[in-house]
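Colleague: Those protein sequences? They're chains A and B, same order as listed.
Residue 75 in my numbering sits at position 75 of the first sequence, with consecutive numbering throughout.
Residue 219 in my numbering sits at position 219 of the second sequence, with consecutive numbering throughout.
Note that these hints are calculated values from the structure, not bench results.
Taking lysine to aspartate or glutamate and the EDC-like style, the derived pairs with C-alpha atoms no more than 20 angstroms apart in a straight line are:
#1 B/K114 x A/D75
#2 A/K81 x B/E122
#3 B/K111 x A/E80
#4 B/K77 x B/E142
#5 B/K111 x B/D143
#6 B/K114 x B/E87
Values in this document were obtained by computation on a predicted structure and should not be read as measured data.
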Amino acid sequence: MPIPLDAPEVLDREFLLVRAKLLEIAASLDRIGRAEGQVEGDRRLQLIHDALDVLRQGESDRAEQIQMICSLSYDEQWQEKFDLLPR
Amino acid sequence: MYYIDPHIHMVSRTTDDYETLARMGCVAMSEPAFWAGFDRGSAESFHDYFRQLTDFERQRAGQFGLQHYTWLCINAKEAENVSLSREVIAMIPEFLDTPGVLGIGEIGLNKNTKNEATIFLEHLELAVKYDQQILIHTPHLEDKYTGTRMILDMLCDDTRLDRSRVLVDHVEEHTIRSVLEEGFWAGMTLYPVSKCTPERAVDMIEMHGAERLLVNSAGDWGPSKPTAVPDFIIAMRRRGHPESLIRKVVYDNPREFFSQSENFDFAPPELDEAEANL
Ligand SMILES: [Zn+2]
Chain A
1 MPIPLDAPEV LDREFLLVRA KLLEIAASLD RIGRAEGQVE GDRRLQLIHD ALDVLRQGES
61 DRAEQIQMIC SLSYDEQWQE KFDLLPR
Chain B
1 MYYIDPHIHM VSRTTDDYET LARMGCVAMS EPAFWAGFDR GSAESFHDYF RQLTDFERQR
61 AGQFGLQHYT WLCINAKEAE NVSLSREVIA MIPEFLDTPG VLGIGEIGLN KNTKNEATIF
121 LEHLELAVKY DQQILIHTPH LEDKYTGTRM ILDMLCDDTR LDRSRVLVDH VEEHTIRSVL
181 EEGFWAGMTL YPVSKCTPER AVDMIEMHGA ERLLVNSAGD WGPSKPTAVP DFIIAMRRRG
241 HPESLIRKVV YDNPREFFSQ SENFDFAPPE LDEAEANL
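Using the sequences provided together with the hints, build the complete structure.
Modeller: Written out as structure tokens, the structure is:
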């Protein structure tokens, strides 16, 4: 499907929004860091860092990749394990 | 622009919300049976809920000229209770001829358990036996990918199903492709935090086209926005998409999908306009 806006137009519109979202992420990470207690080893922190790595890549399906990082893995044998194989 | 919200839980909404939706251009909605915010204790409780969906909500919508449709089932969250689920499923046929009932839904998975999958399959049996359309809930967040794959496995194993009469809802970037490629309809739910934003919904239309795609607000017990579909319409316009494409997604597509149900007796508002111009 044709996308009506060209890339410079999209960047013009989105730059301040992206900047604001990046600042929110940075401030959230700082807040976690400033607070008492330990979160190292928390799976969610690793997910955040893996997602940030995706943002640096030049591919076009970053949203899908981040969705997959935040997803539990699918087990192809689930029907057998649940004893629910199609009759 | 007129639009239809194909998935909105009006039982959790005030009468003022019906009025707001009418002002925003909503002309019809479909309300799948879902969780009540707490687990219900008996099948009678579901019987009353089905009366609320088929009778009271229809009347409440009608006060503002809105046409209300509904889907019946026991939702995935409560389907964990297999014996209760079987009692509820046994009761559904008595409601299937009631005006406004479009089919079985929203069935699906919540935590992707064996009990949920068992009851999902029993709902499919019910739908096949009574030749009903099906509306499907996919799980949220980290469970969505696995749950959607499991649901597609069960749907694709059943060769009796007409895929063009099945809607798989709450798709996102990582699940939309497989749903559409298998020939089902897909719904995008615009929901703060846990699902999809209007901008991302527009992205998915740009990437996958507008065939067999719907957008809805969910409008449920969570922090959802019943007017999310108008937000989507504005996002599409701001991105430069033509009115004809917007109308296809928010109005023509839901009509096309619902028209496969015998109980979809929708009276398009355009007819009134045409009559007024005679
Ligand atoms: Zn729902």
